[in-house]
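Chemist: In order, the protein sequences belong to chains A and B. Going by my numbering, the final residue of the first sequence carries number 348, and the count climbs one at a time with no gaps. Going by my numbering, the final residue of the second sequence carries number 348, and the count climbs one at a time with no gaps.
Rather than coming from a laboratory, the hints here were simulated on the basis of the structure. For clarity, every value in this text was computed on a predicted model and none was experimentally measured. Misleading hints may appear alongside valid ones.
[Unchecked claim] Here are the simulated lysine to aspartate or glutamate pairs, EDC-like style, with alpha carbons at most 20 Å apart:
1) A:LYS171 x B:GLU169
2) B:LYS171 x A:GLU169
3) A:LYS86 x A:ASP133
Number of protein chains: 2
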Amino acid sequence: MRATMIHKPGDIRVENLPDPKIVSPTDAIIRTVATCVCGSDLWDYRGINPVDQPHPIGHEYVGVVEEVGSEVTGVKTGQFVIGSFFASDNTCPHCQAGYTTSCQHREFINGCQAEYVRIPLADGTLVATPEQPAEEFIPSLLTLSDVMGTGWYAAAAAEVKPGSTAVVVGDGAVGLSGVIAAKELGAERIIAMSRHESRQKLALEFGATDIVTERGEEGIARVKELTGGVGADSVLECVGTQESMTQALRSTRPGGNVGFVGVPHGVEIPGEELFFSHVGLRGGPAPVRSYLPDLIGRVFDGRINPGKVFDLTLPLDEVAEGYRAMDERRAIKTLLRP
Amino acid sequence: MRATMIHKPGDIRVENLPDPKIVSPTDAIIRTVATCVCGSDLWDYRGINPVDQPHPIGHEYVGVVEEVGSEVTGVKTGQFVIGSFFASDNTCPHCQAGYTTSCQHREFINGCQAEYVRIPLADGTLVATPEQPAEEFIPSLLTLSDVMGTGWYAAAAAEVKPGSTAVVVGDGAVGLSGVIAAKELGAERIIAMSRHESRQKLALEFGATDIVTERGEEGIARVKELTGGVGADSVLECVGTQESMTQALRSTRPGGNVGFVGVPHGVEIPGEELFFSHVGLRGGPAPVRSYLPDLIGRVFDGRINPGKVFDLTLPLDEVAEGYRAMDERRAIKTLLRP
Numbered sequence: 011m012r013a014t015m016i017h018k019p020g021d022i023r024v025e026n027l028p029d030p031k032i033v034s035p036t037d038a039i040i041r042t043v044a045t046c047v048c049g050s051d052l053w054d055y056r057g058i059n060p061v062d063q064p065h066p067i068g069h070e071y072v073g074v075v076e077e078v079g080s081e082v083t084g085v086k087t088g089q090f091v092i093g094s095f096f097a098s099d100n101t102c103p104h105c106q107a108g109y110t111t112s113c114q115h116r117e118f119i120n121g122c123q124a125e126y127v128r129i130p131l132a133d134g135t136l137v138a139t140p141e142q143p144a145e146e147f148i149p150s151l152l153t154l155s156d157v158m159g160t161g162w163y164a165a166a167a168a169e170v171k172p173g174s175t176a177v178v179v180g181d182g183a184v185g186l187s188g189v190i191a192a193k194e195l196g197a198e199r200i201i202a203m204s205r206h207e208s209r210q211k212l213a214l215e216f217g218a219t220d221i222v223t224e225r226g227e228e229g230i231a232r233v234k235e236l237t238g239g240v241g242a243d244s245v246l247e248c249v250g251t252q253e254s255m256t257q258a259l260r261s262t263r264p265g266g267n268v269g270f271v272g273v274p275h276g277v278e279i280p281g282e283e284l285f286f287s288h289v290g291l292r293g294g295p296a297p298v299r300s301y302l303p304d305l306i307g308r309v310f311d312g313r314i315n316p317g318k319v320f321d322l323t324l325p326l327d328e329v330a331e332g333y334r335a336m337d338e339r340r341a342i343k344t345l346l347r348p
Numbered sequence: 011m012r013a014t015m016i017h018k019p020g021d022i023r024v025e026n027l028p029d030p031k032i033v034s035p036t037d038a039i040i041r042t043v044a045t046c047v048c049g050s051d052l053w054d055y056r057g058i059n060p061v062d063q064p065h066p067i068g069h070e071y072v073g074v075v076e077e078v079g080s081e082v083t084g085v086k087t088g089q090f091v092i093g094s095f096f097a098s099d100n101t102c103p104h105c106q107a108g109y110t111t112s113c114q115h116r117e118f119i120n121g122c123q124a125e126y127v128r129i130p131l132a133d134g135t136l137v138a139t140p141e142q143p144a145e146e147f148i149p150s151l152l153t154l155s156d157v158m159g160t161g162w163y164a165a166a167a168a169e170v171k172p173g174s175t176a177v178v179v180g181d182g183a184v185g186l187s188g189v190i191a192a193k194e195l196g197a198e199r200i201i202a203m204s205r206h207e208s209r210q211k212l213a214l215e216f217g218a219t220d221i222v223t224e225r226g227e228e229g230i231a232r233v234k235e236l237t238g239g240v241g242a243d244s245v246l247e248c249v250g251t252q253e254s255m256t257q258a259l260r261s262t263r264p265g266g267n268v269g270f271v272g273v274p275h276g277v278e279i280p281g282e283e284l285f286f287s288h289v290g291l292r293g294g295p296a297p298v299r300s301y302l303p304d305l306i307g308r309v310f311d312g313r314i315n316p317g318k319v320f321d322l323t324l325p326l327d328e329v330a331e332g333y334r335a336m337d338e339r340r341a342i343k344t345l346l347r348p
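Chain A extracted, bound-state conformation (with noise of 0.2 Å):
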């Protein structure tokens, strides 16, 4: 098959690979539909993940299931199906608890930027669709394998609530994701803060009230003004870096919640400014296949429609200009189709 392989950073290359092949009972192959480049794939291509030695890359997915292990009950050969990045049982007492990323068994799916995907522990991965989605749903239903549920649980995990102010602190796909999540959570105010024009009329388009363009301490104070000095119920930190973790602490009023999914570089949290600032914080690896069977009904439903993030759309052989288009920003998200 073809699939994509990192070699080094900036060297994206699609090659021929061995199909994959059922190893575990419970593991199913997925002939892949659509796959994506995540903002996560860029801290490899960007060298700021080590990238040791040559590896497959890509984990969001959306497929067909071609065949399945003998233990496999839950999804069937020809089913249209998305699944989590991060394969769960969905049994353990962590997955019944909803934090499926945090499954006892989990692994990380990688390798998805190919024609086909092997994923452990299928019956508690996957998720069919109830029928063959129209080619229109396919761009939505692809972002609920990541970036729409992770925007979800940044919502979540801020505990956005009905008549509250959210902000969003960044501006790719997981951020306006998050802004899609915050008004379907019911916040009567969004706050986007963003750069880009683009991003801006999209965040805008999915339901953010206000943009703010200044970062750090302007951007806290422009927050502050804008709440009547008090500061954000709920801020969704959407990137990983210092500066947005202490943007968004600093952005919330004392019990108010950050959610964080941005995956912390370098990232350190002071305890005693924690302390003072009576936020609470809860971040991690969404845990999407808790919310799929939600959001998959939202998207057919016509409610949501976070496919909208894919302003570029490419064979799975032009997957390298895909990578270089989002490294230099010309792209918010990459759609790949094999």
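Chain B: place on chain A using the hints.
Modeler: Chain B in isolation, oriented as in the chain A frame:
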């Protein structure tokens, strides 16, 4: 009046100071009926916090109103009152959200180890008891001015729920109060981490179901063992060191919560570890004012008896011995009678 001054670390003296006077029309003056020494006073006493010049000390008090300013309407002369260590107006947005210790007009109340104290923002800060309390209730009522309210906040911030498992890190007066709070909030299992026999005994009397004497990695392993490998739903961090914070975070299940009330000294929370833990974290100076009406009721009803944390009672003139006894861990907490 006689009042306690700290001159330098280890140097506590009772001296004659001028009686406090009404400064602002929202002030009240109270005659202290009982006061005490806080674990956080020991930070000064031990020189961990700098003591640049001699200053009055103590922030816990119950007393009788002696005089009120012209704008005070909520309490009157002769009433028995309890208040928080932070004065608060109880009307600003932060107070209304329940975070009185983040009041936009907050003022730290110091110098309570004395015969009289000036209380700013008396209407927002003080709560009168329904009647003059019997002598036996005075120690418990005194704890509501800080440690019992702080333990309560730790349990609330850690989201202790009926049927849940709670761990309490720290066996000082706050940790022991946290055991009471966890029990009142319905925890089914309460694991107290303590190495001191007298404190273990009190923890068990207050509702702890398990005692863990191990610390560090061994302590974490023991909590995991007691919780079927899962971790606790709620952890109350009542110390404020890097070690205790690490203990708390690593003892919590994914999706669980840490409430931290030990004032952090040099604590840094690694963003990446917090991220992958899925643990929620909220701390701060406890908004004890918010809890006063409820907790006063629980004391008068005889439901809780947090006054048992006082295992040493001294006249104010012997305050120096009260500090020494706590510093040397001969006493859990010292009550002082002016």
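Chemist: Checking one constraint from the list: CA of LYS86 (chain A) to CA of ASP133 (chain A), max 20 Å. Satisfied?
Modeler: holds (10 Å)
Chemist: Would you mind confirming whether the straight-line C-alpha gap from LYS171 (chain B) to GLU169 (chain A) stays at or under 20 Å?
Modeler: It holds: about 17 Å lies between the C-alpha atoms, which stays within 20 Å.
Chemist: Hinted pair, alpha-carbon criterion (20 Å max): LYS171 (chain A), GLU169 (chain B). Please report holds or violated.
Modeler: Roughly 17 Å separates the two Cα atoms, so the pair holds.
Comparing the model with each numbered hint stated earlier shows that all of them hold.
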